[in-house]
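*Asks:* Sequence:
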Amino acid sequence: MLAGFAGRPPLSVLRGLETSARGLTEADAEERLLRQEADAAAGGTGRAVLLRHLALVATDPFVLVLVLLSAVTAVTRDPGGAVLIGSLAVLSSLLRLRQERRGDRAAAELRALTTTTATVLRRADAGSPGVEREVPVEQVVPGDVVRLAPGDMVPADLRLLSSTGLRVDQAVLTGESLPAAKRAAWTGQAAPPPGPDAPLFDRPELCLMGTSVVSGTGTAVTVATGARTHFAALQRDVPRAAPETAFDRGVRTVSWALIAMVAAAVPVALLFTEPGRTPWSHALLFSVSIAVALTPEMLPLVVTTTLARGAKALTRDGVIVKRLPAVHDLGAMDTLCADKTGTLTLDRLALTSSLDAAGAPDEEVLRWARLNAWFATELVPEAAGDTMDDALLADAEPPEDDVHAVDAVPFDSDRRRATVVLRRDGHLGRDLLVTKGAVEDVLPLCARVRTADGDVPLTEEERDRLAAITDERSATGERLLAVGLADRPAARRDYAPGDERGLTLLGFVGFQDEPDPSAPAALERLARLGVALVLVTGDHPLVAVRTCRDTGLTPGRVVLGAELDGLSDAELDALITSPDGIAPNSTPLDGTRTDGATPVFARVDPRQKARVVGALRRVGRTVGFLGDGINDAPALRAADVGISVTGAVDLARESADVVLAGRDLSVLADGITEGRRTFGNGVKYIRIAVTSNLGNVVSMLAASVLLPFMPLLPLQVLAQNLLFDVSQLCLARDRVDPADLRGPRTFDPRDLARFVAVFGPLGALFDLVAFGLFWWLLPVRAGMGGEALFHTGFLVENLLAQALTLLVLRGRGRGRGSPRASRTVVAAAWLLSLTALLLPLSPLAGPLGLVPLPPAAIPVLAVVLAGYGASLMIVRNRYFRADAEAPDPSGLAESVA
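Be aware that the sequence shown starts at 1235, since it is given in the numbering used here, and climbs by one per residue.
I should point out that these hints are in silico values taken from the structure, not numbers from a laboratory.
Don't be surprised by glycine CBs; every beta carbon is placed ideally from N, CA and C.
One thing to keep in mind: the hints can contain errors.
Quick list of simulated restraints, FRET-style, between CB atoms [what the hints assert, rightly or not]:
| no. | residue 1 | residue 2 | range |
| --- | --- | --- | --- |
| 1 | Arg1851 | Leu2075 | 53 to 63 Å |
| 2 | Arg1664 | Asp1273 | 50 to 60 Å |
| 3 | Glu1797 | Ser1752 | 48 to 58 Å |
| 4 | Pro1678 | Ala1709 | 20 to 30 Å |
| 5 | Ala1261 | Pro1678 | 52 to 62 Å |
| 6 | Ala1730 | Ser1812 | 40 to 50 Å |
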């Protein structure tokens, strides 16, 4: 369909879509939107999401393990055990499915808070002129006439009707880093369109959904939307996997390690069971039960629940999460790359000077700079809002009536300059090119310089003198733009960047951006959180250095964008990790340089920003990038977590994972803290589940050798596992220790292994103590009745011990302001304990093979549990002593109590 519209004249395209260059009428647009929504519903979008969730749940490795174990149990003719294991798999799957769908809805609601809009032309009725309207991209319909401006996301598959200097980033489709020029090829100003077999993204008159406008403007008609676009077809053909976070990788490693242990548990348990003492079917059932006890089937559910809760909490702090796993990325972030503008400064530029080439005040330079700003805004109205142009035009009078703009070469982040082409009445056949931009990018285009004695050639000596003026003014924090002029014969074609040459330098205009008074406190808070700041800016290096000093930062080594181009990736990595580079190998825990200096990358373009982010990631940093402009999009996509703001251009917001309600670093610090809370609660579940399950398995394997019967019946093992798993869901609502918030945290399977190696054997030891006491102090050796009594005592002791484990190992201890357990965790622990005590007296006692405990069992349970609880706290306090005794510079103890 799209290819069919590509090679046709604009008028033919408009007729084919039954629309007008003035846009659709409101009634027609509403009718088409209803039809579009009906088609989307009929296309099964909701069913597709449900099927995706079902596939995710059904292929979960822990669910598959449970299904396999249920089948094995059925083969051994234990329907009760098979039903219970199957029920466990179904319960886990249903809870996971419910939470995945809730998580998706929560993520969709959060994304809706940062809805991307498109500018369309709409008419009240057929005879009315088209009026620009902002509508959500979901409401763009075929036939809509769309306006495109720098920073816009292309909302649908479009056919251009007209354009001015339009360049589009198609990296999402092609992987090419350079933007592609786009134009309405049937205007007669361009070469014939490519052949019919050319890829759609190579056709200059087509703009495809998912791409973004880098520079210039355009007007286009919508050909296809939503699922009918080229982008949607690519996603169907080559589905893109969600990016995997460090936490995801750690969980995956642990999951497969546990699955390997489950696979080994069955034969090991069979070996530990004496063949002559236990029927093989019972032995196999017991082995399967051991394997189930090792399976943390609620792990995916707990991870999804903590992420969803974290995202909602972040919304209350003014942080909108578009991708749920980004919550963990925020908590793991140890390096923040950001521009100084709007981060260290208020982004409120004030015009401070107008200088000639000698550095003396000159209002004539300001007049030409204002003409450039005025007509650039007039010719490219969608690009209005540039802070420097706003400052130039704040008190400006309209230009003279005899000056008219005929063309423009809009600003883009690669050229860092803008040009307007003017004509004066009475000067037919002559064009004036007025160029304004960064000094380093305008000066090389100048062949002459205006002086008091007239225009003279621009010598190398003069260039050095002009560079010295720039450096002198920049050192005070002033941002300079150079202004150049060229008088040319009028062209009979559109102007292009190649025409910006042979200019005469008129002078400079200067601006100051006031430092943000709240920045020092926010930066100090980020430093306490262990987040290092790396300044990445397109500004002059001396301006960046001065801004650092004005906000209390010590500027470190300064690296220019031109230097980056001379470095390979390996050389850039070496620079960053060198002792005098950006991030030394031996950094303290908080992630900052030992000398407290802030690295500065200056005069960098979008591609170079992304390179800096990539290099920091390669050397092991978890990188966040804060940006709001078109030139920030590549770095936002390259970072572990891209961070933008609600007032950013569409492209920046769409490229980001997290959107801040305001460009306040304190809001970002709140988000980092919440991310670490979420991470901490996820790790708690993994630690407690694996430690408790492994301790129980070890003790039951040992008991199966020491006792003349199985320590627990298979059904009892499964019931215990189910009760403990459900109780651990409360951890998603728990408080976390200040130590977990103090610095960046990443999930390390080796740390989990150390934790389990310490606390797992401790639990197994007290289980064996309980075996011995039950064996010698209770009448468990007197036939089958004694065997049931032992099973009951051990099951009750296990569940009570697990309730203790839940309460004790959820934190590092009350020392140093460690917070109390949340009410939800306390309630879950009490409920698990009451269930353990009442289960032998309930109607379920018979099916589970339980009997009431005699009074003599109470002191046995009390002694074992008191000893276990005391030992658990002593070992825990020693294990976490280093963290517990460390000072809390973050001041977070109060915030989590």
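*Asks:* Against each hint, give a clear statement of whether it holds in the structure.
*Replies:* Hint check results:
For Arg1851 and Leu2075, the Cβ-Cβ distance of about 58 Å falls inside the hinted range of 53 to 63 Å, so the restraint holds. Distance hint for Arg1664 and Asp1273: a CB-CB separation of about 55 Å, consistent with the stated range 50 to 60 Å. For the hinted restraint 48 to 58 Å between Glu1797 and Ser1752, the CB-CB distance of approximately 32 Å leaves it violated. Separated by about 22 Å at the C-beta atoms, Pro1678 and Ala1709 satisfy the suggested range of 20 to 30 Å.
The supplied range of 52 to 62 Å is met by Ala1261 and Pro1678, whose beta-carbon atoms lie about 55 Å from each other. A beta carbon spacing of about 42 Å between Ala1730 and Ser1812 agrees with the range 40 to 50 Å that was offered as a hint.
Checked against the numbered hints above, the structure breaks only hint 3 and satisfies the rest.
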